[in-house]
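A.B. asks: With these hints in hand, go ahead and build the complete structure from the sequences.
Number of protein chains: 2
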Amino acid sequence: MQFDETDKKLLQYLQEDCKQTTKELSYKLGLSVTAVYERIKKLENSGVISKYVALVDKTKIDKKFLILCHVKLIQHKKEYLMQFEKEVLNLKEVTECFHVSGDYDYILKICLKDMDDYRNFMVTKLTTLQHIASTHSSFTISEVKHTTEIIL
Amino acid sequence: MQFDETDKKLLQYLQEDCKQTTKELSYKLGLSVTAVYERIKKLENSGVISKYVALVDKTKIDKKFLILCHVKLIQHKKEYLMQFEKEVLNLKEVTECFHVSGDYDYILKICLKDMDDYRNFMVTKLTTLQHIASTHSSFTISEVKHTTEIIL
DNA sequence: CCTGAAACACTCACACC
DNA sequence: GGTGTGAGTGTTTCAGG
Chain X
1035 MQFDETDKKL LQYLQEDCKQ TTKELSYKLG LSVTAVYERI KKLENSGVIS
1085 KYVALVDKTK IDKKFLILCH VKLIQHKKEY LMQFEKEVLN LKEVTECFHV
1135 SGDYDYILKI CLKDMDDYRN FMVTKLTTLQ HIASTHSSFT ISEVKHTTEI
1185 IL
Chain W
1035 MQFDETDKKL LQYLQEDCKQ TTKELSYKLG LSVTAVYERI KKLENSGVIS
1085 KYVALVDKTK IDKKFLILCH VKLIQHKKEY LMQFEKEVLN LKEVTECFHV
1135 SGDYDYILKI CLKDMDDYRN FMVTKLTTLQ HIASTHSSFT ISEVKHTTEI
1185 IL
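Protein sequence lines correspond, in order, to chains X and W. Take the position in the first sequence, starting the count at 1, then add 1034; the result is the number in this note's numbering. Take the position in the second sequence, starting the count at 1, then add 1034; the result is the number in this note's numbering.
In short, the hints are calculated from the structure, not lab data. Be aware that a few hints might be false.
Remember, identical chains collapse to one label, so a pair may be satisfied in a single copy or spanning two.
Stated by the list, open to error - Think about it this way: if two alpha-carbon atoms lie no more than 20 Å apart in a straight line, the pair counts; the simulated SDA-like pairs of lysine to any residue are: (1) Lys1076 to Thr1162; (2) Lys1159 to Asp1148; (3) Lys1062 to Tyr1047; (4) Lys1098 to Glu1127; (5) Lys1097 to Ser1135; (6) Lys1062 to Asp1148; (7) Lys1053 to Glu1072; (8) Lys1097 to His1180; (9) Lys1075 to Cys1052.
Note that the structure is a prediction, hence the values are computed from the model and not measured.
C.D. replies: Listed below in structure tokens is the structure:
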């Protein structure tokens, strides 16, 4: 799909706040309501906008404890990778998981309540996954920046 | 703020899809439209729901290149930390930044187009930040999991 | 916590340029 | 590509139980 400058602005606005009405957006973009409506539909149908979600403040729901966990597998066999990834998808505490180059194979972002919760998660969930050679956890002291907006 | 089971379910639904009408939600929760409306307002006003956003598919807008960059500062002086964090906030390519414990001080998630874009970003932006001792970048081979939903 | 009603705003299809 | 209209549907508030 091709974007013009108007599409880019529109995407930026919707990434900031998706509850704006097409009326407000039409004013900001200098277009008619219908024109904005059709551009939004095009972005949705092409899959550029994948979903609309509510973002929750972690500090208000007792999930202040953020861990970045580096994981190394015992071998880089396709079968091992696939099984590990499949199992990670089912761990709801893991909000992000990247397969990365370098010393470790995966970096996981894990959202928990406190140190007890962490201990429990490691013992009963993460370390029960198969094919793990070693893990290295970094505790986050503060979340300096966290945005879902991607600049175009 | 205190949540009951209904609030938790409501938050889960809104984290999955915030464009559902209160009517749909009232059906799923077995409440009246007004009751759901008031619960949502309470969650918004208390700051539990921080914002509503559109999520964009990175692969469709030419930002497939994801980097996790570990940064170490030359010293842990408060002044250095604060200046670094302030500068990072202004880098729009950086979507997440965590101050972490361990060998490195910060882990940054950086969203770019390709290797050329990466090279350009490192030379003209990241390495021009002050007080950096060293950096270590991991390229992400694949984004195994990425959700904004936090389980309650 | 519910229902019902009323006022208002928005969505979205349609006709048209 | 764009605009304007209008019916239908949603939101939001306010009674009263």
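A.B. asks: Give a verdict on every hint.
C.D. replies: Tested hints:
In this homomeric assembly, Lys1076 and Thr1162 never come within 20 Å of each other (Cα to Cα): the closest approach is 44 Å inside a single copy and 39 Å across copies. Proximity of Lys1159 to Asp1148 under the C-alpha cut-off of 20 Å is restricted to the intra-copy arrangement: shortest distance 16 Å within a copy versus 35 Å between copies. For the identical chains of this complex, Lys1062 and Tyr1047 are intra-copy neighbours only, at 9 Å inside a copy versus 30 Å across copies, given an alpha-carbon limit of 20 Å. For the identical chains of this complex, Lys1098 and Glu1127 are intra-copy neighbours only, at 12 Å inside a copy versus 25 Å across copies, given an alpha-carbon limit of 20 Å.
In this assembly of identical chains, the alpha carbons of Lys1097 and Ser1135 lie at most 20 Å apart only when taken from different copies (18 Å versus 29 Å within one copy). Taking CA atoms no more than 20 Å apart as the test, Lys1062 paired with Asp1148 passes in neither setting, with 43 Å inside one copy and 32 Å between copies. For a Cα distance limit of 20 Å, the shortest separation of Lys1053 from Glu1072 qualifies both inside one copy, at 16 Å, and across copies, at 17 Å. Proximity of Lys1097 to His1180 under the C-alpha cut-off of 20 Å is found in both arrangements, the shortest distances being 15 Å within a copy and 17 Å between copies.
Taking CA atoms no more than 20 Å apart as the test, Lys1075 paired with Cys1052 passes in both settings, with 13 Å inside one copy and 16 Å between copies.
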